Structures are given as structure tokens and as C-alpha cells.
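This is what each chain is made of:
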Amino acid sequence: MSTILETRKINKSYANHQALKNLDIAVPAGSIFGLLGPNGAGKTTLIRIINQIIAPDSGEIIVDGEPLKPSHIEIIGYLPEERGLYKKMKVGEQVLYFARLKGLSRSDAMEKIKVWFTKWDIKDWWNKKVEDLSKGMAQKIQFIATVIHEPKLIILDEPFSGFDPINANLIRDEILELREKGSTIIFSTHRMESVEEICDHVALINKAEKILDGPKSQIKEEFRTNTFILEHKGSIGLANGSYTIEASSDIEHGLIRSVLKLKSGTPNEMLRELIQQTEIHSFVEQIPSMNDIFITKVKSVNA
Amino acid sequence: MNKTLLIIQREYLSRVQKKSFIIMTILTPVIFVGIYAVVILLTIKPGEEKTINVVDESGLFMEKFSNTDAITYSYNNINVEAGKELVTSGEYSGLLVIPNIDLKKPEGITLYSQQALGISVERNIERTIKNEIEDIKLKASGIDKAILDSIKTDVNLKALNIGSGGGTGEEKESNSALASGIGIFTGFIIYLFLFVYGTQVMRGVVDEKASRIVEIVISSVKPIQMMMGKIIGIAAVGLSQFLIWIILSTFLWTAATALLMGDQTINSDNTEQLAEQEVSGNANSRAEMVGQINSMIAKTNLPKILGLLIFYFVTGYLFYAALFAMIGSAIDTEADAQQFIFPIILPIIFSFMMYGAVINDPNGQIAFWLSMIPFTSPIIMMIRVPFEIPNWQIFLSMAFMIGGFIGTTWLASRIYRVGILMHGSKVNYKTLAKWFMMKN
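Sequences listed follow chains A and B, in order. Sequential numbering from 1 applies to the first sequence in the working numbering. Sequential numbering from 1 applies to the second sequence in the working numbering.
None of these hints come from the bench; they were simulated from the model. This structure is a prediction, so every number in the text was calculated from the model and none was measured. Even glycine gets a Cβ: it sits at the ideal position worked out from N, Cα and C. Careful: at least some of the hints might be erroneous.
Claimed, not checked - Only pairs whose alpha carbons sit at most 16 angstroms apart, straight line, appear in this in silico EDC-like list of lysine to aspartate or glutamate:
1. B:K439 x A:D57
2. A:K88 x B:D207
3. B:K3 x A:E74
4. A:K220 x A:E285
5. A:K87 x B:D56
6. A:K9 x A:D24
7. B:K145 x B:D135
8. B:K130 x B:E107
9. B:K84 x B:D56
10. A:K216 x A:D292
11. A:K119 x A:E174
12. A:K181 x A:E150
13. B:K130 x B:D56
14. B:K222 x A:E74
Unchecked claim - A short, non-exhaustive set of chain B residues, derived as facing chain A with CB atoms under 10 angstroms:
15. I7
16. L13
17. K152
18. L421
Based on the sequences and whatever the hints tell you, model everything.
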């Protein structure tokens, strides 16, 4: 798989702390790449560097096979975490302005804006002033302004913050659709449920350093703990000792839920063992959520 | 399309399309000329005619008061009480009672009226009585008034500046009063614009920073482009406003002049009073005065003054706008501006306060140096220019001015690029210095 963005040994220091330390990440083309990390980890600094808002102290950034250069802004779309629009400006003119700053010609921009305004059925917003829009409406406009120039690389900083569930779904569907059309999406967040939902690659940054990255499925695989959740009727024993019972608790309908850890053998062998002991109602592997991985990893690094 | 141009365009259009801009731009010269016209018209045609009944017990002033358009005198030697009744009944506006006075110490002259008759009526009466008493005294000392009148001489000093060409052809008539007027006026325009538009730049930057638009825009353009786009855009707004003002004022002034010059019913007595308050005291009529002002304006080197005004207007603005942009980028809200804004507006206020010293000695040391330092030169130089100062000084000052604004722009852009992305940090001069030194 080709990479659309690669950073090599990026360093960036501010007056009294290091924001990024030898950071390497590679974003595969066509992926939805989750950039994760606690507050203050360096995510925004990295994003600002990619957007050429600030320059790194050292290191290399490769975009679409070339070292980062000013004209790259035309293939990057950026939605900052804290977003703003000109309050007194009309909605249509505003999107037009941002589109032209990204290098679109007036007529191109107009055409593309019309497509979006038609798609979301907001044509009558054109002459509204931004100050007359609700927060959710303004955020839709910002999203359009971010992707209006059909960027190859879209960088979204906490895109779902402030959206109601309906609009959040709308945005999520748009993100997926943009990926279908060939864009790559980097999105920076500390909300794990959205990562779980749509990311296929992740990188975890903590205290200026990358502590984990790779395809989401692979990371989950790495963090599997061979733990299974069993719901059953009667009591169970340890049998041949290929597993341990970590916890057991009563749930409704006279069922018991137990957490089992497989020590040796396959899940099938364990299940066979258990079926002989009692009536099994459900058996499911406890796969760690991104949230668990995130917390485990950050804690282990900080410890 | 160049992106800086795009920003300039946005900054410009978003301001000139505002209703407040259109109203201010059109209304200001109209109000200005309008007030002037109203003042003139009011002095020419003062309200209703006033009738004054003169009761002259001294007998010295019979038929001495001359009627004007506004005042009619009649002389009835009735007693004071009856006279007062005629005033209360409304037959006369006022009753002037002149008792038997001692010429050495004229006391007890009284003007009765129901409503105040106004200062021009009082002045008219006072002047007539004073002149009359003086005439009587002159006669008593054996001096004929006709002889005295022939002795009176009007002197108008014609001050000529000898041009740098050696004093042969380049002599120009100069008029200090007019030069001061033009100097103060142009200096004031610059003073005003530095304030109004400088603050607009700062406010614009703070707004963009506070609303976080900055981050979107500088992911598309360089911070310096964004800053210069704003500064130039607002400069264009100021220039547009300024040019509209000049054109409108010229037009209105011409119209007003035509109107006033054509008005033949001008009352000489009233204009005489007005003339006393004017610099050109020997103007006989309003029309003549207006004509005189116009001819004096024609004698000054208007294109040069206008050209320099635009130059100092633009460069002075660029010089200060960069500093205002710098402040805007450093602070989070306008309320934080105070501590930084003071050192910047201080030289602006100081320059304008120095106008007296500069006018007194337009070629002195203070005037010279203040017109060289870019902090003060836009205002001070404009005050000096109408006094025909050496050209090399103007060119030197212009060169410093250009260097000055390049310097402040450079300084400001280094702080701006860091400042606009910083939120919530407590900013002082040390932080600014740190930002300035910061590598990219």
C-alpha cells in the first residue's frame, strides 16, 4: 500500500518543552488514520506542521511522494479543532473565500459549492450571515469549507465535537464517502468510540513520542489477552487447568457470567471442557476496546 | 489569483460594503461643509428684524444709530415707564435709555427688552455710543475726525519666501496663518486616520485570532500574507474614504462658494463683525472673504501638499498598522490591549501636541528632528510642509519613513506569526521578545 503522508524523525521544541520527539508516522493512502493521544501529547503540533502553519526543528515530511512544499496546501484540507468563521460574512461568500484561498478558481469553487449546498439542501443559507447560524449549521459550513477543494489528504481535528448525533452521523457518512472517492483522512481525537467505529489505522502519541501504531485490527490482535466471557447456568470448575477463572458473578434469569483466561490449548478445547460441566448460554472473546488499549498503553509508558 | 490579493479584497469589501462606512463617508463632508454653510447663512440673515426705541435724555445720540437689516432705531423722547410699556406690549423689541451721561465716565445706559436681543445688537449699540463719544472728545480736543480718518493707514505685511534657487524667480507669497491652517488640518487628518484605521487593524487581528479563523487561513497562506493582506486592505478602505472626502468636499465647497459669492444681499454690518473674528480683518464682505480664502488656497502648492499628504498618510499608516497588528496578534481579547497600546499611541498624541512648537518655528531643531523620526514625522512633516521647507528634508524624511515601515512590518510579522497561534498565555514584553527571536 502506498503512503500519502510520511514523517521522518520530526522534532519540534517550544521554549520550555519538547512537543514532538523523533516522530515517525506513515499514513497509507485511502485509509482513515486515527491520530490518538492524551491532551498535550503533541497531536496539534504535528497537524500544524503538516499544514505548514509551523515548521519542524528537524525531520522530513513526505506528502504524496514529495517533500512538503507550499503548493501542497491545495491537496490538503484541514478542519482545526477550534473552528471559526467570519461572523459578519455571508455563508456563501465565506465558503467561496476559503475555497479560493486553497487555490480554486472562482468558477470552479462556485460549481463545487453548489454541489454541496444542493446535497445538504442548504441553498437558502447562501445569503445568511454566519452569526445567524446555529452552532451545528456553522460546523456543517466549516466541514464543506474543509473538503470543498477535494483534497487528497483531509485532516480533521476532533471532527465530531459539538455535533448532535444526527449531524455526527451525517459527517461520519461523508468521511466514509470521501474515502470511497479516494481521499485519505487523518483524524485526531481522544474519543475512542469514533476510532473504534471508522479508523482502520491508528497511531498513538504520548508525551511527544509515538508509542504505538499500525492497522487497527493488528493492534487489537496484539492486545488480545485470551480472555473469554462465558454465560452459564450451573457452576464450573477448573478441570485440567488449561484456563483460570478470573471472576464470576450472578446475572439475571439464574445465569452466571464468568471471565475466563485461556492458559493453553485452543478456545474450542476449552469450550468442549466447559460444555461437559454445565449448560452454556453464550461464549465470547473479550476483545480489548481501543479505549482499553489506549489507557493500558499510556499508563504503561507513564509508569 | 494571488492569495494576498484575495485577502486584501476580502478585507476591503467587507468594510466598504458596511452601511456605517457608506454613511460615514458621505455624511462627514456634508456635515462639515453644512455646518460651515449654516454658520455663514446665520450670520448673513439673522432672525427677525428688531426695533429699538431710543430714549436719549443726553441729546447726544439723536439719529446717530444707523439702521441695519436687522435693527431699526426710532427716537421718541417719552418717559422710561411708558417706553417699557411699549416693549411689554410688543410694539418695540427693546428700549434703549441713555441718561444724561458724563462723557468721562458714561454710566447708566440701559437696554430693556422682554427677550435677550443678542450679542450683535448689544455690540452695535455699544460701538455706536463709543464712536460717538470718542468723536465728541476728539472735537473737544480740537482734532477733526476727517483728519483722523486720513491718518489711519492699513498695513498688510506681504511675507515672501525666497526660494532655494537663489532668490530670483522662486519667490512665493506666503501667509503664515494659512500655512498653519493647512498644516494643522492635514496633520490632524493623519492623526485621525492613524488612530481610526490602526485600531481597525488591531481589532481585525484580535477577531480572527479569537474566532480561530486564523488557523484555517494560515493553513492556506503565510502569516505575513495574512497580516499584509489585512493592513493593505484596510489602507485601501482609508484611502477610498479619504479620496471620497476630498472630492465631495471640493465639490461642496465650490458649490457653497458660488452660492455665497452670488448672494448680493449681504449685510455689511454683520460681516464686519464676523470679519473682526477672522484672520483677514480687512475683508469688507463675506463674499470677498470667501474669494480671498479661495485665492489664498490657489496660491499654495496644493498638488505638492496633497501628494505628500497621501504619501505620509499611507506610510504613516503602514508604520503604525504593523505595530497595531502586532499587538492584536499577541493578545486574546481587546481588553488586554491597554498595556501595549499606550506606548504606541503616545508618539501619535505627542506629535499632534507639538504642533504649536512646530508652527512657531517650522525650521527649528525640534521641528526638523520630529519630522525625521518615523514615529512623529507623518504628522509633524505635514504641519511643516506648507511653510516651504527645503526639499532635501522632505526627501530624507520620506526615506526614513519608508525604512521605518519596512522595519515595523518586519518586527511585527515575526511576532505575529507566533502570536496568532498562542492562546491563553500571559503576554508581556519579555514574551514578545521571545517570540521575536523564535526560529520558524
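Hints and how they fare:
The straight-line distance between the Cα atoms of K439 of chain B and D57 of chain A is roughly 9 angstroms, inside the 16 angstroms bound, and the hint therefore holds. Under the criterion of a C-alpha separation no larger than 16 angstroms, the hint pairing K88 of chain A with D207 of chain B is consistent with the structure, at around 11 angstroms. As the CA atoms of K3 of chain B and E74 of chain A are separated by approximately 12 angstroms, the hinted pair is consistent with the 16 angstroms bound. Taken as a hint, the K220 of chain A and E285 of chain A pair is honoured in the structure, with Cα atoms around 12 angstroms apart against an allowance of 16 angstroms.
Among the hinted pairs, K87 of chain A with D56 of chain B is inconsistent with the structure: their alpha-carbon atoms are about 76 angstroms apart, more than 16 angstroms. With a CA separation close to 6 angstroms, the supplied pair K9 of chain A and D24 of chain A stays within the 16 angstroms bound. Straight-line distance between C-alpha atoms of K145 of chain B and D135 of chain B comes to about 7 angstroms, which keeps the hinted pair within the 16 angstroms bound. Restraint check: the Cα-Cα separation between K130 of chain B and E107 of chain B comes to about 12 angstroms, which is no more than 16 angstroms; the hinted pair holds.
This hinted pair checks out: K84 of chain B and D56 of chain B have alpha carbons roughly 14 angstroms apart, not beyond 16 angstroms. A hinted pair counts as satisfied when its Cα atoms are at most 16 angstroms apart, and K216 of chain A with D292 of chain A qualifies at roughly 13 angstroms. With a CA separation close to 11 angstroms, the supplied pair K119 of chain A and E174 of chain A stays within the 16 angstroms bound. Between K181 of chain A and E150 of chain A, the direct Cα distance comes to roughly 9 angstroms. Compliance with the 16 angstroms bound is thereby established for this hinted pair.
Pair hint K130 of chain B plus D56 of chain B holds up; C-alpha atoms about 15 angstroms apart against a cutoff of 16 angstroms. Restraint check for K222 of chain B and E74 of chain A: the C-alpha separation of about 14 angstroms stays at or below 16 angstroms, so the hint holds. This hint holds: I7 of chain B has a C-beta 8 angstroms from the nearest C-beta of chain A, less than the 10 angstroms allowed. Interface restraint check for L13 of chain B: the shortest CB-CB distance to chain A comes to about 9 angstroms, inside 10 angstroms, so the restraint holds.
For K152 of chain B, the interface hint is violated, since its Cβ never comes within 10 angstroms of a Cβ in chain A; the closest pair sits about 66 angstroms apart. The interface hint given for L421 of chain B is met, as the beta carbon of that residue sits about 7 angstroms from the closest beta carbon of chain A, less than 10 angstroms.
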